[in-house]
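Peer 1: Sequence:
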Amino acid sequence: MRMLAAMALMMVMGGASGQVAPSRETLCNPESNPYDAVAAAPYSHRVQFEDEHVRVLEIVLPPGAIEPVHIHALPSVIMGETGGKGGAKFIYTEYRFSNGKFIETSRNEVNPTPGYRAVWTAPEGPHSITNAGPVEVRFTRVEIKPEACAK
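First residue of the sequence shown: 1, per the numbering used here; consecutive thereafter.
FYI, nobody ran anything at the bench for these hints, they're computed from the structure.
Think of the CB as a built atom: it goes at the ideal place given N, C-alpha and C, for glycine as much as any other residue.
One or more hints might be untrue.
[Unchecked claim] Now the in silico label distances, taken between C-beta atoms and shown as ranges: (1) Ser98 <-> Asp51: 31 to 39 Å; (2) Ala122 <-> Glu25: 19 to 27 Å; (3) Glu104 <-> Glu52: 30 to 38 Å; (4) Gly80 <-> Pro123: 17 to 25 Å; (5) Tyr116 <-> Ser23: 28 to 36 Å; (6) Val60 <-> Pro146: 35 to 43 Å; (7) Thr113 <-> Glu25: 18 to 26 Å; (8) Gly100 <-> Glu136: 29 to 37 Å; (9) Asn111 <-> Glu52: 37 to 45 Å; (10) Ala39 <-> Tyr92: 19 to 27 Å; (11) Ala148 <-> Asn111: 33 to 41 Å; (12) Ser23 <-> Asn108: 27 to 35 Å.
Could you put the whole structure together from the sequences, leaning on the hints where they help?
Peer 2: In structure tokens:
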């Protein structure tokens, strides 16, 4: 089982020799990948709507929450109030998969400015987010599936 999970991750995020395209199953049914955000971090990522075109997630991070390592295999638009008025602070940690485990590769502190934001993001490799601030934050993430999923 662990080997299958490792292979699934390599299919999504690329192998040691370069990028490998995600499998159709991961793109059309993201939760089938054990490292997908909904599968790996269900307490913070909830599916609000899903069809063959999009998957809409609600992301809720209470103060002090630390997400498990997860991925987002699909490009998306993320929308929400940044929490900047209440002193929001995030720690965004990136990882790579090596010898059967996740190894931290970078850690960045983010102090958002106040206001509602909508941003485009490419697929994300293994990462986790820590809400190091005093306020809960909520985002909506609209993941866009390839046209081939509708066929």
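Peer 1: Work down the list of hints and note, for each, if the structure agrees.
Peer 2: Quick rundown of the hints versus the structure:
| no. | hint | verdict |
| --- | --- | --- |
| 1 | Ser98 <-> Asp51: 31 to 39 Å | holds, 36 Å |
| 2 | Ala122 <-> Glu25: 19 to 27 Å | holds, 20 Å |
| 3 | Glu104 <-> Glu52: 30 to 38 Å | holds, 36 Å |
| 4 | Gly80 <-> Pro123: 17 to 25 Å | holds, 19 Å |
| 5 | Tyr116 <-> Ser23: 28 to 36 Å | holds, 35 Å |
| 6 | Val60 <-> Pro146: 35 to 43 Å | violated, 27 Å |
| 7 | Thr113 <-> Glu25: 18 to 26 Å | violated, 39 Å |
| 8 | Gly100 <-> Glu136: 29 to 37 Å | holds, 34 Å |
| 9 | Asn111 <-> Glu52: 37 to 45 Å | holds, 38 Å |
| 10 | Ala39 <-> Tyr92: 19 to 27 Å | holds, 20 Å |
| 11 | Ala148 <-> Asn111: 33 to 41 Å | holds, 40 Å |
| 12 | Ser23 <-> Asn108: 27 to 35 Å | holds, 29 Å |
Checked against the numbered hints above, the structure violates hints 6 and 7; every other hint is satisfied.
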